[in-house]
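The hints should help you fit chain B onto chain A, whose structure is shown.
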Amino acid sequence: MHMADALISPAVGGTLWAVSGGLILYCARKVRESAREILVPLMGVMGAFVFAAQMINVAIPGTGSSGHLAGGLMLAILLGPHAAFLVMASILTVQALFFADGGLLALGCNIFNLGFFGAFIAYPLVYRPIAGSSTSGAHTSVAALVAAIVALQLGALGVVVETVASGITDLRFSTFALLMQPIHLAIGVIEGIATAAVVAFVRRARPEIIVEAPVAAPRGSATLLYGGLILATLVVGGVLSWFASSHPDGLEWSIQQLTGQEELAAPEEGIHLRLATIQEKSAFLPDYSFKSAAESEPESETEVWPAVSAGTSVSGVVGGALTMIIAILIGMLFRRRTAGPPVKTG
Amino acid sequence: MDDAARMDSSIHRLDPRTKIIGTLAFIVTVMSFDRYTVSALTPFVLYPLLLLAISRIPVEPILRKILIAAPFALLVGAFNPFFDRSPMLHIGSFAVSGGWISFTTIALRFFLTVAAALILIATTGMHRLCAGLERLGVPRAFVTQLLFLYRYLFVISGEGSRMVRSVQLRAGPSALPVRTYGTLVGTLLLRSFDRAERVHQAMIARGYDGSMRRLESQRFGWRDGMFVCGWILLFVAARRWNLAELLGNVLGRIAA
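Taken in order, these protein sequences are the chains called A and B.
At position 288 of the first sequence the residue is numbered 289 (our numbering), and the sequence of numbers has no breaks.
At position 235 of the second sequence the residue is numbered 255 (our numbering), and the sequence of numbers has no breaks.
Bound conformation, chain A alone (with noise of 0.2 Å):
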């Protein structure tokens, strides 16, 4: 569920890092005011706790194959939902910097996908619901279950959005979606079932760490929360829709694999021409276009495929092998020049 640098266009992966990072710091401000001076210590344990939980695998019962946790939910239910939150951005901060899993462009989208749906829509909007005040284990185990399930939900639609959002993938919302969607929900199952088990344990052993995790509704910053919420959806929303008038839709696409490239080149060359003048004149920069820019343009809904002569293209594949070939040579020069034992400081 973690996204790569290489899909992610700018303009999403800046969008939801401002979000996430507006997050951050009202999380931090929470954490700080809650005054429980534990905390520090107890964030930064708990967030290694889920990375050695990772390693452990549960049996699903009943299908022979398994899974293991993933972690936002039970520090949502542990820590309360804003140091959950900022548990779950330095989990991810440290995979994507040192394990490569995420990139730094996509942190914005991985924090969102993977923090905030688990601490500010399952936990308060559907496990506390559920599980309530009673003292039941199977209150809480069910409450665990559906709300791990509508975390990973709502986190694989967004990964879907951005994804899509960003353009990079040829893949299409619908199709992109029922691939990610049943995944998740199966994923979200062995979150619920591992998240519930450890619940169900520590109840046992030490039921006063539950109870003494704050009880965080999210009455007085529930504005705050929606009035993000709104925010996001309506960035998400414009972002969406401006890529999807530079996109080919389904049935031009569909024809075009029906018809095959040649027949319907010909009656489209026209417009495709002119099109592509237009573009040329209209654009910043016609030979090297910012095509993100000029292809948000309505007029060049048609014109999906960028005009590539062969000429230009070729003196682009030789230029590129001969600028990677520079590229390393410069590197072996720089190597080779300050060569010698590496030497260690303390």
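Everything labelled a hint here was simulated from the structure, so no lab data went into it.
One or more hints might be untrue.
Said to hold, decoys possible - Quick list of the computed label-pair ranges, beta carbon to beta carbon:
(1) B/Ala257 - A/Leu126: 25 to 33 Å
(2) B/Met223 - A/Ile331: 42 to 50 Å
(3) A/Arg30 - B/Phe174: 29 to 37 Å
Stated by the list, open to error - Here chain B is said to cover these stretches of chain A; the calculated rule only asks that three of the stretch's residues, wherever they fall, bring their Cβ under 8 Å from a Cβ of chain B:
(4) 14 to 27
(5) 50 to 56
(6) 88 to 95
(7) 109 to 122
(8) 157 to 170
Note that the coordinates shown come from a computational prediction; the quantities given were computed from them, not determined experimentally.
All residues carry an ideal CB built from backbone N, CA and C; glycine is no exception.
For chain B alone, coordinates are given in the frame of chain A:
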């Protein structure tokens, strides 16, 4: 990674803020190209290669990490050749479809961005990186959280893997039934809780007041300014002009 971060070079000595800004500028520029651009991306290879060369950090661990992370990004990109079949490039009589070109850019960008991020951490180290983040305005609660997470990551993971090994020795190498799983992970959780409490007491005993003190001081010097300005100028130039194609054109003219 920590070993690489403890080495010394002019890249290591740069202010962490410099490297954070440089890395982000690099990633954003690389990702801002449209999906059919291959040749214009090639000059960007210079950034990770040059940093690797000057810092002399070992290349193999970084390559290994990139390869481990590769499957997901490449899998999503691998659909492009099937959906996008319009020929875009002719090499002789051989036509290359747009899907293959966009797949190539995805792969290229994946390697570039992941390499840049890994080099950042390998030449900076977690502590200096966190200090830089704090100076850049990241909330202290989050920076402290990152530091603590990193410090206990390997401690708790080691504990977890020892528990898994002992279970496997007794019950065979299979996934655990739900009840056992709950007990095992729950025990690990309780141990982590206890450890946090002890850590907290130890911190209080040593006069912890909410801020982390560092011996190293950071200064944004002229080298840092040169690093940031130089690379950003180069990124902008490579973004505006297709340097590789220019080179190809010049070469073609010489050959003709």
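These are the hints, each one checked on the structure:
The hinted window of 25 to 33 Å between B/Ala257 and A/Leu126 is violated, with their beta carbons roughly 50 Å apart. The given range of 42 to 50 Å is respected by B/Met223 and A/Ile331, whose C-beta atoms sit roughly 47 Å from each other. Under the hint 29 to 37 Å, the C-beta atoms of A/Arg30 and B/Phe174, about 30 Å apart, fit the expected range. Note: the stretch 14 to 27 of chain A has 4 residues with beta-carbon separation from chain B under 8 Å; the three-residue rule is met and the coverage holds.
Counting residues of the stretch 50 to 56 of chain A whose CB falls under 8 Å from any CB of chain B gives 5; the rule of at least 3 is met. Chain B is given as covering the stretch 88 to 95 of chain A, and this holds because 6 residues of the stretch bring a CB closer than 8 Å to a CB of that chain, at least three being needed. Judged by the Cβ-Cβ criterion of 8 Å, the stretch 109 to 122 of chain A is not covered by chain B as claimed, because only 0 of its residues qualify and three are needed. For a cut-off of 8 Å, the count of residues in the stretch 157 to 170 of chain A with a CB near a CB of chain B stands at 4, and the three-residue condition holds.
Hint compliance for this structure: hints 1 and 7 are broken, all remaining hints hold.
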